[in-house]
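Protein chains: 2
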Amino acid sequence: MTEKIRIGIVGHGNLGRGVEVALTHCPDMELVGIFTRREPSGITPVGEAVSVYSLDSIDDFRDAIDVLILCGGSKDDLPRQSPALAARFNIVDSYDTHNKIPEFYAAVDAAASSAERTAVIAVGWDPGMFSINRLYGEAILPEGETYSFWGKGLSQGHSDAVRRVPGVKAGVQYTIPSEKAIARVRDGEQPALSTRDKHVRECFVVLEEGADAEAVKQAIVTMPDYFADYDTIVNFVSREELQRDHSAMPHGGFVIHCAQSASGVKQVMEFSLKLDSNPQFTASVMVAYARAAYRLHCAKEYGARTVFDIAPGLLSPKSPAQLRKELL
Amino acid sequence: MTEKIRIGIVGHGNLGRGVEVALTHCPDMELVGIFTRREPSGITPVGEAVSVYSLDSIDDFRDAIDVLILCGGSKDDLPRQSPALAARFNIVDSYDTHNKIPEFYAAVDAAASSAERTAVIAVGWDPGMFSINRLYGEAILPEGETYSFWGKGLSQGHSDAVRRVPGVKAGVQYTIPSEKAIARVRDGEQPALSTRDKHVRECFVVLEEGADAEAVKQAIVTMPDYFADYDTIVNFVSREELQRDHSAMPHGGFVIHCAQSASGVKQVMEFSLKLDSNPQFTASVMVAYARAAYRLHCAKEYGARTVFDIAPGLLSPKSPAQLRKELL
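Note that the protein sequences, when read in sequence, are chains A and B. For the first sequence, counting from 1, position 289 maps to 504 in the numbering used here; every step adds exactly one. For the second sequence, counting from 1, position 8 maps to 223 in the numbering used here; every step adds exactly one.
Isolated chain A, as found in the complex (with noise of 0.2 Å):
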């Protein structure tokens, strides 16, 4: 590979912004463009020379653009955005209602097989990375239980989520896992454990003006997916105490798989994240996934992949033969 890979980023939130840094990183890789939705005027991007477009203009850059890393949110930019997008390019995205996977794959692969395109869905750390890690631990010991563990961290998907109910202007969410049954599972007790009984729900949330604060509260407590199945406490608070003590993005958490190979041999997998920044994580594990769709697609893999899907050395700059001599 001589040539760049060309990345497009749709979407400048967080995660956008983070894709914008992580892609500095990337020596084998140009940013092209930022497409929003938005006044691109408005758009003020990390890097200086980095041109802003609308969203409406994208089909005119299917020649000039390898991947588009979507960076909008799994409640309502994505379930349009990855397939009708997919259908025109090479995409990543981070989709990340767990439950609602099958369907949305479905979706983005008859887009992305049609037309001829790779679509790389659901990447970043969960689902993503803690995925991955799942998927070894039962793999490799199917004897065992695994346990996902996250926080204590401000959820993306999650704040998207309270954000969007009607009355609230503004708002944060944390994941605060119980100590209590990280100790279970470290002492090799394998309970049994919802995911419930492993984490409280902490938002964090301005209202708007005249809002009904019960109303606001009853509508996050109950919504199915995001908050339903958890105990949540909700917070209202000012706009300055929003931004003062809430505008860090720190996430983290860790997957434990506790297994036993044979009767009293007990065998440890755990794999952990402590990340200051849960977006520019996010927008990372990202850009190193464009880089794989971007092979796979000139490998004529066409259509929707998962991370599952997806062999580690296809993440790396570095050739298959560097890779065994530098990493193995």
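These aren't lab readings, by the way, just hints derived from the structure by calculation. Take the hints with a grain of salt, since some may be wrong.
Pairs involving identical chains hold if they fit within one copy or between any two copies, as the list cannot separate such chains.
As a list, the in silico DSSO-like pairs of lysine-lysine whose alpha-carbon atoms are at most 30 Å apart [stated by the list, open to error]: (1) Lys515 x Lys489; (2) Lys315 x Lys515; (3) Lys395 x Lys540; (4) Lys533 x Lys515; (5) Lys367 x Lys395; (6) Lys533 x Lys481; (7) Lys219 x Lys384; (8) Lys481 x Lys540; (9) Lys315 x Lys384; (10) Lys481 x Lys219.
The hints should help you fit chain B onto chain A, whose structure is shown.
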């Protein structure tokens, strides 16, 4: 896949016995038999109904075995066995002499490619799961440093190397991470550390009658690839002491990737293993990759592969749709 994947095991040391045990957890696989260079009647399988054959008869099983799992040592067995058997069977091995992997890969690839067989080499945890985590770290967060620590644990490859020194009757080797080095990495200091700075190697050796202790010690500490680059301690013990104090085979370690996705934004990825039995874990990894080898061969993906070339999903008995639904 309705038929079971038919497996043969070559070699019946700790690793071969581990493969036997790991296969009992895999209902999609069946063990055809164990193949040994020793007298078959001298081998006692873990399972009662398991057949043992002479390795000389292996060509009689070319239509009866889908994948051979090679459980010999990297120093003397695999450089000969892997290319020879990859010319007649699909194979998985755990070749672990890191700096000779390129030439080993070339030899196996040539044999497997021309015979239209699939060979997955260097499978286990290092090389293997640790390698994958080094790659993910570097590919996702290029502006960072990756640190691999091993132990405290008994290393099969290095123990094997010790036992092959003339004058050694029996022996084991422990790899011990340096506490000081770990503390510096966890502090996010990103120090420059050689493998020698990070670990100490300690051997417990039983001499053959009449052997020259000093000559044995010198042969061990100066052995290239295995000991020459480390601080190595050699202790001589009685056969009784060795059996009493050194017959368990625990191991473990971790791969830490510390990076900054932007100035001052720290991101830490960590993978760790705590293993009661090193050979049983390595065996479990090999069995999962035997499933991948079988599928790659069915897809006419011939030649040598490493863990870098194999998508995570190929390790699981579940279908891609099931994996997306259950684990993504």
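Hints versus structure:
1. Lys515 x Lys489: neither (36 Å within a copy, 41 Å between copies)
2. Lys315 x Lys515: within (27 Å within a copy, 33 Å between copies)
3. Lys395 x Lys540: between (44 Å within a copy, 28 Å between copies)
4. Lys533 x Lys515: both (20 Å within a copy, 25 Å between copies)
5. Lys367 x Lys395: both (14 Å within a copy, 28 Å between copies)
6. Lys533 x Lys481: between (36 Å within a copy, 24 Å between copies)
7. Lys219 x Lys384: neither (41 Å within a copy, 57 Å between copies)
8. Lys481 x Lys540: between (32 Å within a copy, 28 Å between copies)
9. Lys315 x Lys384: For Lys315 and Lys384, only the intra-copy Cα distance (27 Å) is at most 30 Å; the inter-copy one is 60 Å.
10. Lys481 x Lys219: between (47 Å within a copy, 27 Å between copies)
Comparing the model with each numbered hint stated earlier shows that hints 1 and 7 do not hold.
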